[in-house]
Amino acid sequence: MTYLTDDPIDPRALVESVMRRSDGAYVLFEGVVRDHHEGKAVESIFYDAYRPMAEKEIESILREVQAQFPDVALAVVHRLGHLIVGDASIAIVAASPHRAESFAACRLVIDRIKETVPIWKKERGPDGEEWVGWQGQC
Amino acid sequence: MLRMKVRLLFFAVLRDIAGSDEQVLAVDEGTTARDVWESLRRTYAKLAAYTQPPMIAINESYAAPDAVLRDGDELAFIPPVAGG
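Chains F and Z supply the protein sequences, listed in that same order. Residue numbers for the first sequence follow this note's numbering, so the first one is 4 and each next one is one higher. Residue numbers for the second sequence follow this note's numbering, so the first one is 89 and each next one is one higher.
So here's chain F without its partners, still in its complex pose (with noise of 0.2 Å):
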């Protein structure tokens, strides 16, 4: 399974990945590159990541909610690359018999995946580029 990407996500196709005749709702969460970051104006981002323990780190998180919501199927996708204001950076579907797990599930990947997985991210507006983050708090 890979769960990063250089192209579009596309989040119909996420969905009918995970989607079974069993499942009566399913919660699509996609993060979308804003036009500021703490007061200062945002065009562009640059998604970098080491790759190959971002997919493991992804893989382990998915594992771990799998584990908490048993009837939850997941599924993720993290674009990489040059992202513009308004393209998705990030995908996540999770489908459930109910709606509650789906809820509680998504909102757990995602916080768990902006924890600990590998992938950092550098904003780029007229005031210049910077890698968020990184200032003082080494």
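No lab work stands behind these hints: they were computed from the structure. Misleading hints may appear alongside valid ones.
Looking from chain Z toward chain F, a few residues come up when the C-beta cut is under 10 Å (computed) [claimed, not checked]:
1. 101
2. 142
3. 148
4. 150
5. 166
6. 167
7. 168
8. 169
Here are the simulated lysine to any residue pairs, SDA-like style, with alpha carbons at most 25 Å apart [unchecked claim]:
9. F:125 - Z:155
10. F:125 - Z:132
11. F:125 - Z:104
Predicted model, so just to flag it, every value in this text is computed and none were measured. Every residue, glycine too, gets a C-beta built ideally from N, C-alpha and C.
Mind docking chain Z on chain F? Use the hints.
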């Protein structure tokens, strides 16, 4: 003293600072990831202020700063992640 080879990978801000994707290091037996970070701090002025290393990965898994490196290891320092 035995010399070992370790492959050091650079990502994100560290790639920009080092100006390359990776380096092959020859290190003494017993060298830790933290020791490698200390040598980077001496080499690159932009890292001098960072007395504590960022997160560390050895062979694609998170490891402790004081983990001892082995011959052939792949080492990466993981700046604060920003996926999603």
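When the least beta-carbon distance from residue 167 of chain Z to chain F is tested against 10 Å, hint result: holds (6 Å)
Interface restraint verdict for residue 169 of chain Z against chain F (beta-carbon cut-off 10 Å): holds (6 Å)
Hinted contact residue 142 of chain Z with chain F - closest CB pair below 10 Å: This hint holds: residue 142 of chain Z lies near chain F, its Cβ roughly 5 Å from the closest one there, short of 10 Å.
Straight-line alpha-carbon gap residue 125 of chain F to residue 104 of chain Z, limit 25 Å: It holds: about 11 Å lies between the C-alpha atoms, which stays within 25 Å.
Pair hint residue 125 of chain F and residue 132 of chain Z, alpha-carbon separation not exceeding 25 Å: holds (20 Å)
Closest C-beta approach of residue 168 of chain Z to chain F relative to 10 Å, hint status: holds (3 Å)
Proposed interface contact between residue 148 of chain Z and chain F, which counts if any beta carbon pair is under 10 Å: Holds, about 4 Å.
Satisfaction of the residue 166 of chain Z interface hint, Cβ to chain F closer than 10 Å: holds (5 Å)
Pair hint residue 125 of chain F and residue 155 of chain Z, alpha-carbon separation not exceeding 25 Å: violated (29 Å)
Interface hint compliance - residue 101 of chain Z to chain F, C-beta minimum distance less than 10 Å: holds (4 Å)
Interface hint for residue 150 of chain Z, Cβ within 10 Å of any Cβ on chain F: Result: holds, 7 Å to nearest chain F Cβ.
The structure shown violates just one earlier hint, number 9.
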